[in-house]
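J.: Chain by chain, the residues run as shown.
Protein chains: 2
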Amino acid sequence: MIFSSSLLENAVNEFAKLPGIGKKTALRLVLHLIKKDISEVKNFSAAIEKMRAEIKFCSRCHNISDKELCNICSNSSRNHEMICVVENIRDVIAIESTQQYNGIYHVLGGIISPLDGIGPDQLQIDSLISRITIEKPIEIIFALSPNIQGDTTIYYITKKLKGIPVKITTIARGIAFGGELEYADEMTLARSISNRILIENYVR
Amino acid sequence: MIFSSSLLENAVNEFAKLPGIGKKTALRLVLHLIKKDISEVKNFSAAIEKMRAEIKFCSRCHNISDKELCNICSNSSRNHEMICVVENIRDVIAIESTQQYNGIYHVLGGIISPLDGIGPDQLQIDSLISRITIEKPIEIIFALSPNIQGDTTIYYITKKLKGIPVKITTIARGIAFGGELEYADEMTLARSISNRILIENYVR
Chain A
335 MIFSSSLLEN AVNEFAKLPG IGKKTALRLV LHLIKKDISE VKNFSAAIEK MRAEIKFCSR
395 CHNISDKELC NICSNSSRNH EMICVVENIR DVIAIESTQQ YNGIYHVLGG IISPLDGIGP
455 DQLQIDSLIS RITIEKPIEI IFALSPNIQG DTTIYYITKK LKGIPVKITT IARGIAFGGE
515 LEYADEMTLA RSISNRILIE NYVR
Chain B
335 MIFSSSLLEN AVNEFAKLPG IGKKTALRLV LHLIKKDISE VKNFSAAIEK MRAEIKFCSR
395 CHNISDKELC NICSNSSRNH EMICVVENIR DVIAIESTQQ YNGIYHVLGG IISPLDGIGP
455 DQLQIDSLIS RITIEKPIEI IFALSPNIQG DTTIYYITKK LKGIPVKITT IARGIAFGGE
515 LEYADEMTLA RSISNRILIE NYVR
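From first to last, the protein sequence lines stand for chains A and B. As numbered in our numbering, residues 335 to 538 make up the first sequence, in order. As numbered in our numbering, residues 335 to 538 make up the second sequence, in order.
Careful: at least some of the hints might be erroneous.
The list makes no distinction among identical chains, and a pair is therefore deemed to hold if it is satisfied within one copy or across any two copies.
Calculated pairs, DSSO-like style, for lysine-lysine (alpha carbon to alpha carbon, straight line, at most 27 Å) [to be verified]: (1) K358 - K369; (2) K369 - K496; (3) K376 - K501; (4) K470 - K493; (5) K390 - K493; (6) K496 - K357; (7) K470 - K376; (8) K358 - K370; (9) K357 - K390; (10) K369 - K401; (11) K401 - K370; (12) K401 - K496; (13) K401 - K358; (14) K493 - K401; (15) K494 - K370; (16) K494 - K470; (17) K401 - K357; (18) K370 - K496; (19) K384 - K401; (20) K390 - K370; (21) K370 - K384; (22) K470 - K390; (23) K376 - K494.
Keep in mind the hints are simulated off the structure, nothing from the lab. Computed from a predicted model, the values in this text were never measured in an experiment.
Construct the entire structure; sequences and hints are all you get.
T.: Put into structure tokens, the structure is as follows:
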């Protein structure tokens with residue numbers, strides 16, 4: 335791509351560094367910003383710069399935070415005896431958006447994946463164990479991706495927690511709402527049968 | 335989407351204002367920037383802010399420019415007797431990228447489209463006419479989109495140029511390179527036949 339302006343070229347190149355944004359999309363975004371008021375563009379760049387400069391990670395759950403403790407950990411109306419273990423911040427946002435969970439979180443920062451070179455040491459597993467030892471929660475809920483890596487991570491952490499009096503659960507795996515039974519993979523279908531849910535028991 | 339940090343939320347909302355970027359994509363981009371060095375993020379926001387604050391439009395051809403005259407208009411090695419009329423800046427970049435055109439440009443800022451409420455007055459048509467009157471180029475090449483609006487714009491400008499001694503041409507319309515003949519629309523195919531190109535003439 336040949337540009338008539340180096341200002342334009344620099345802006346396009348910066349946008350094109352973002353994941354999933356090619357040169358053509360970057361150009362479209364930049365040409366959109368050119369049409370906007372200078373103040374709007376300043377708000378855009380300021381919000382991003384401020385976010386990067388001031389963002390922190392919660393010292394307790396490693397979620398993204400404005401302060402030392404995140405909004406969730408510092409909220410006393412939440413149930414602090416229930417810790418939901420998730421892979422990343424996006425999962426926290428997804429679960430929060432359901433408005434169904436009132437406990438707190440622990441963000442691992444990934445899952446154990448030897449093929450990608452991610453071992454337990456690169457994750458927030460030690461801090462989870464020590465947190466559980468100190469905070470003594472009643473329940474740990476694993477909300478990890480339903481795959482081999484997720485299962486490995488659950489297995490690894492569960493082993494580490496042996497001897498600590500805590501209830502360990504994992505989110506239900508089964509046929510997704512709106513999903514078609516015939517297209518479900520065998521593993522999911524098998525699990526959804528073995529983890530079947532009681533609707534009514536008419537047996538005396 | 336519920337966020338644990340207002341810094342994160344602001345940055346995501348700013349990204350989500352861009353065309354074609356939804357909340358989920360915005361979050362992905364912001365989480366990508368969080369992982370980057372502060373200096374890199376500063377470069378990103380500075381490039382965009384500087385671009386918006388300092389960008390100009392060439393006073394002659396209305397192309398994007400760093401200065402009063404764009405790099406193309408101020409380049410004396412280009413052929414200033416040939417003006418290519420395009421709809422927008424993206425078209426200039428596309429034609430420049432072919433490295434086949436050595437003339438200069440005129441950016442209309444759109445094409446005549448009554449349905450979208452765009453008339454000749456909102457476009458850089460008057461400035462094109464006066465430019466042609468003053469600069470006296472040899473040729474005007476229309477490189478507009480091959481549709482009714484493009485044809486209307488060409489017709490309108492051509493009428494206005496009546497009496498001015500200039501050659502008016504339009505880019506060739508035909509089957510695109512790599513395109514399949516059988517899938518071409520009738521209009522394109524008909525035009526490509528009537529505008530056929532001589533390969534060799536063996537007739538005496």
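J.: Could you run down the list of hints and mark each one as holding or not?
T.: Now for the hints, and whether the structure bears them out:
| no. | hint | in the structure |
| --- | --- | --- |
| 1 | K358 - K369 | both (17 Å within a copy, 24 Å between copies) |
| 2 | K369 - K496 | neither (60 Å within a copy, 34 Å between copies) |
| 3 | K376 - K501 | neither (50 Å within a copy, 45 Å between copies) |
| 4 | K470 - K493 | within (17 Å within a copy, 84 Å between copies) |
| 5 | K390 - K493 | neither (31 Å within a copy, 64 Å between copies) |
| 6 | K496 - K357 | neither (52 Å within a copy, 40 Å between copies) |
| 7 | K470 - K376 | neither (47 Å within a copy, 42 Å between copies) |
| 8 | K358 - K370 | both (19 Å within a copy, 23 Å between copies) |
| 9 | K357 - K390 | between (31 Å within a copy, 21 Å between copies) |
| 10 | K369 - K401 | between (36 Å within a copy, 18 Å between copies) |
| 11 | K401 - K370 | between (32 Å within a copy, 20 Å between copies) |
| 12 | K401 - K496 | neither (33 Å within a copy, 69 Å between copies) |
| 13 | K401 - K358 | between (38 Å within a copy, 24 Å between copies) |
| 14 | K493 - K401 | neither (33 Å within a copy, 66 Å between copies) |
| 15 | K494 - K370 | neither (54 Å within a copy, 32 Å between copies) |
| 16 | K494 - K470 | within (15 Å within a copy, 83 Å between copies) |
| 17 | K401 - K357 | between (36 Å within a copy, 23 Å between copies) |
| 18 | K370 - K496 | neither (58 Å within a copy, 37 Å between copies) |
| 19 | K384 - K401 | within (14 Å within a copy, 30 Å between copies) |
| 20 | K390 - K370 | between (31 Å within a copy, 14 Å between copies) |
| 21 | K370 - K384 | both (21 Å within a copy, 14 Å between copies) |
| 22 | K470 - K390 | within (25 Å within a copy, 62 Å between copies) |
| 23 | K376 - K494 | neither (49 Å within a copy, 42 Å between copies) |
The structure fails hints 2, 3, 5, 6, 7, 12, 14, 15, 18, 23 (numbered hints given earlier, in ascending order).
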